[in-house]
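Fit chains B and C to the supplied structure of chain A, relying on the hints for placement.
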Amino acid sequence: MSRSNTEIDAAARVPSWISEASALLAKDIRAELRTKTAVSAVGVFSFASLLLVALATETLKEVRTVSMLRLPDIVTLTALEAQMRPAWDSPSKMGLLWVLLCFAAFAGLSHSFVHEEETGTVTALRLSMSAGAVYTGKLVFNLIVTLAVAIAITPVYMLITGMRLGSPFVFISVMFSGCLGLAGTATIVAALAAKARGTGALFGAIGLPLLVVFLILLINAANALYTVDAPLLRLTKDVGGLFSFGVLIIALSALTFPFVWEE
Amino acid sequence: MATQPKSSYANSNRSGSQRFSVPAASALQGAGWKWGMGLLMTYVIYGAFFVAEGAVGFGQGGDKARIVFFHVPCAVLSSVCYFVGMVYAVMFLVRKRDFASDAKAAASMELGFLFCILATVTGSIFAGVQWGSFWNWDPRETSIIIMLLLYASYLVLRGALSMQPEKRARLSAVYAIIALVPAQYLIWAVPRLLEGNHPTQVLTKASNTSLSYKLVLYPSFLAFTMLFVWLLQLRVRQMQVFADRRARLESENI
Amino acid sequence: MAESSVSVALEGISHRFGSRSVLVDISLIVCAGQVGVVMGANGSGKSTLLKIAAGLLRPESGKVAFTLESKPVEPMLHRRCIGYVSPDLRLYHELTGVENLEFFGRLRGLRLNNDGLRDILDRVGLLGRGRELVGNYSSGMRQRLKYAYALLGSPPILLLDEPTANLDTEGVAMVERVIAGQRSRSGGGLAIIATNEPREEAWGDMSVRLNGSK
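Protein chains in written order, with numbering that gives the first Met the number 0: chain A, 0 to 262; chain B, 0 to 253; chain C, 0 to 213.
This is chain A alone, in the form it adopts within the complex (with noise of 0.2 Å):
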């Protein structure tokens, strides 16, 4: 029998961790521009949210205005009660809207994992890759996502509630922060409960109370943002604190994510 070209001794040609992830990024993204399921789940969800906010923004400036008026009214209120009223300022609008990239992202993140295991196309996978290779293709899908939800929805939700900018530098880093944050956080979480054939709501069920601390370091951060004049150590501080959980998020689920997906 002639040699094809394919016969040749795959030893030879080894390719790296980086080459395999880049490949298995190919295809979620081929895959995903076909079918298009993650996309238009964070889409619909996304697009609705938005809606919701924009509906509820009205009113809340209503009552604003309203309350601006009964200042007599105001003084008599407890401390308490006064501390438990929600403050609809540009931090508050910041922690909102991560609130909805949360929930968007958990429409769609779990897709990567889940649809593998679900087919049945994980054996093929594993008899082909590392581990460590696997963990970050689907990063970086979950990460190109991510980014690609925040980008699209930030400048609209901004328009709807007039959340204001800061300085941009500042901005860019808290939502790159964040969005580091949220896709690793949901990658390995993904993993989890594709593993467990869990449904989205494990998904939901493991995946939020992770992320609920994550949100309060990133309200944290956008006080920072929003301080006009903050020193520069607060900044990194309270910045650089929400970008270390993305950042070590990512190095345990680096570290554990062969046992997850080894049997």
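Be careful, since some hints might not be right.
Claimed, not checked - Quick list of simulated restraints, FRET-style, between CB atoms: (1) B/E249 / C/V171: 19 to 29 Å; (2) C/R208 / B/K95: 24 to 34 Å; (3) A/M157 / C/R19: 52 to 62 Å; (4) C/D24 / A/K35: 44 to 54 Å.
Since the hints were derived computationally from the structure, they do not count as laboratory data. Glycine included, C-beta positions come from ideal geometry on N, C-alpha and C.
Relative to chain A, chains B and C alone:
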């Protein structure tokens, strides 16, 4: 077909069930120390109401601070239990088929959940009595609720995998390790981010608490820790019994 | 064969699912140019044994050792030497046959050009159907594509679980050709088959019978 012996402290070499031992308890075997713990706890409960004088700064007679004898150990244990669980999770992953560690990790997390509930409830009672409102979203209160949520999600994951013990052990171990990141931030970073009403400062000032107060508080820590160890042993033994029973059912040729 | 450039040695493999013993102390050694057969009734553990050989499952006890070019292969690199076909192997239904092969080929360090693709599709009898979505293939076509996937890069070790599942007589002939080609692979080649069919047992040089769960 080999019959399964009753001893529940044998190691896992036998074909069939997952047998595991409780080595942490080897230093604490027998009934003696449990009686000691029982007496100590009785002293603590009695002492909380009759021996210790109330702390300064807590209203008339400082009586409201008495709940501290129960609240603080529970709160501390709720964090400690998580770390214990996480250590056992790491041990499970590092060794092969070490279901003993998995059982201890699960039991630790369950107990952590229990102590977290107790800490939340006692804290809420204290808030209600001291400030008139049972829940304020104070940073400490928020943290304990989030800790509760983290424990709950661990238990949910385990529950979803109840029919596949090997997978359950592996995946919940990974989850315990991943959840270390939010837990760490929760325990160390979140309380420092905002000022709150939590009376840590008031209580740690030596002049505000009398000697009799400390005479009850420190033994209380000890008593609760011993209680944790005892409950851990009990729970692991219970898991062993269930595993044995399941193995016995599976080995019947039906 | 005196000198064996490629070999697979399964030594003392035992495995349990829960408390149910599926494999008890199974051993099998297959050398270059040979075909080993694992026979047994349904549920006897044939697929499990093959999964263990492929590295998809870690056995309770026992060892899986590969040699390539007469040198032992590190366990982490076993999967690079294997082509695996099995009923529970699934390829991507949302991609075409060609896209699947290009993807998995890339993971093996292969760049397939059109000639290479034509060659491999012809070999498994899918020539002309490569640009259709695998989701639209018949079950027989999917089985053939699995062979194309397994043969990417011409691995020295073929592991075939139920090799002729879903295949017509043409397809069975294709499998026979593949196995014959594997025997005479330059650089050494071998195959291990797991099957129920007595006809397929005849393809092998040696066989192991599994007795079923205890």
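(message) Of the numbered hints stated earlier in the document, which are not met by this structure?
(response) Of the numbered hints given earlier, the structure breaks just one, which is hint 1.
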